[in-house]
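Undergrad: Sequence:
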Amino acid sequence: MRNFYFNHDGNVDDLVSLLLLLPMPDVNLLGVGVTDADGYVDPATSASRKIIDVFGGADCQTTVAKSNSRAIHQFPKEWRLSAFSFDDFPILNEKRTINTPLMEKPAHLDMIDKIMQSATKVTLVMTGPLTDLARALAIKPEITANIERLYWMGGALNGQGNVAEPQQDGTMEWNAYWDPEAVQTVWQSDLDITLVALDSTNQVPLTPELRWRWASQRQYPALDLIGQGYSLVHSFEANSTYYLWDVLTTLVSNYPELVESKLVKTAVLTQGPGAGRTYIDNEKGRVVDFVTQVNADAFYDKIDELAQSAPYQK
Numbered sequence: 001m002r003n004f005y006f007n008h009d010g011n012v013d014d015l016v017s018l019l020l021l022l023p024m025p026d027v028n029l030l031g032v033g034v035t036d037a038d039g040y041v042d043p044a045t046s047a048s049r050k051i052i053d054v055f056g057g058a059d060c061q062t063t064v065a066k067s068n069s070r071a072i073h074q075f076p077k078e079w080r081l082s083a084f085s086f087d088d089f090p091i092l093n094e095k096r097t098i099n100t101p102l103m104e105k106p107a108h109l110d111m112i113d114k115i116m117q118s119a120t121k122v123t124l125v126m127t128g129p130l131t132d133l134a135r136a137l138a139i140k141p142e143i144t145a146n147i148e149r150l151y152w153m154g155g156a157l158n159g160q161g162n163v164a165e166p167q168q169d170g171t172m173e174w175n176a177y178w179d180p181e182a183v184q185t186v187w188q189s190d191l192d193i194t195l196v197a198l199d200s201t202n203q204v205p206l207t208p209e210l211r212w213r214w215a216s217q218r219q220y221p222a223l224d225l226i227g228q229g230y231s232l233v234h235s236f237e238a239n240s241t242y243y244l245w246d247v248l249t250t251l252v253s254n255y256p257e258l259v260e261s262k263l264v265k266t267a268v269l270t271q272g273p274g275a276g277r278t279y280i281d282n283e284k285g286r287v288v289d290f291v292t293q294v295n296a297d298a299f300y301d302k303i304d305e306l307a308q309s310a311p312y313q314k
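Numbering of the sequence shown is given in the numbering used here, commencing with residue 1 and proceeding in unit increments.
In short, the hints are calculated from the structure, not lab data.
Since we're looking at a predicted model, the values are computed, not measured.
Among the clues, some could well be false.
Listed next, the in silico BS3-like pairs over lysine-lysine satisfying Cα-Cα at most 27 Å (straight line) [stated by the list, open to error]:
1. Lys302 x Lys265
2. Lys262 x Lys302
3. Lys314 x Lys121
4. Lys314 x Lys95
5. Lys105 x Lys95
6. Lys121 x Lys95
7. Lys121 x Lys105
8. Lys140 x Lys265
9. Lys284 x Lys265
10. Lys140 x Lys284
11. Lys314 x Lys284
12. Lys314 x Lys302
13. Lys121 x Lys265
14. Lys314 x Lys140
My request is simple: use the sequences and hints to build the entire structure.
TA: So, in structure tokens, the structure goes:
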């Protein structure tokens, strides 16, 4: 059994990632931190607790902590609103009470507690900004000794980002852009890092066929919730595609055989119109394990397998 800590930022892909972590047979999810980034933190925290209540199983001891970290550059409001809808899905609200504990400490302090109290090294999965980890490192840098590896969904190494904001050059990915200095802080640590960047996920798009695949299995409650969740997600911009960024990162953390990767030296810009850009720097960069190829069929099959096995408690 491996101990995990999951830190996310509350959009559909993050919440589906949490749902899929819970039934992994060899994963003990110590805690969940929720950041006020790609989803509003209050409904995202509430939805996280409800997901654990409904799909965590009778013996689940996972707790949730709300982050008080704040953005350098905040996500667009229109993207963040889906957290409210997800939190209102009927399948998560058959009970009027929420049993999963909400920790009193903010998420970066909860992260420190959970990691330091773990008897074995913790696998850290982060599908939002790195701010909570950067704050934790500033307070207690020795936590790195008890972290097996960081799996982060963030960055773009091919220069094609997803930020289209005034006075920015478009080369950065949003999780890095939210707080570029946090990325720099984590990059300066001695953590082993697996990087799932935008260019890592091009082989796992959200397609009409995938939506139908989930709809055809809605007799499984977790797959019904996944289908409902992604019904909130549509890319209406020209030439825009939604990819399963966070879910890929989450599954790679426990099923590395789903992907191929290579060691590369990378760096991050923290200032100017490229603030948040992650890039190859073969001279001064720090080494990360960069995901390059995905076995898409095996990846989609693993989603089905985990969701079908998820316990369901009304």
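Undergrad: Out of the numbered hints, which ones does the structure contradict?
TA: Checked against the structure, the hints that fail are numbers 1, 3, 6, 11, 14, while the rest are satisfied.
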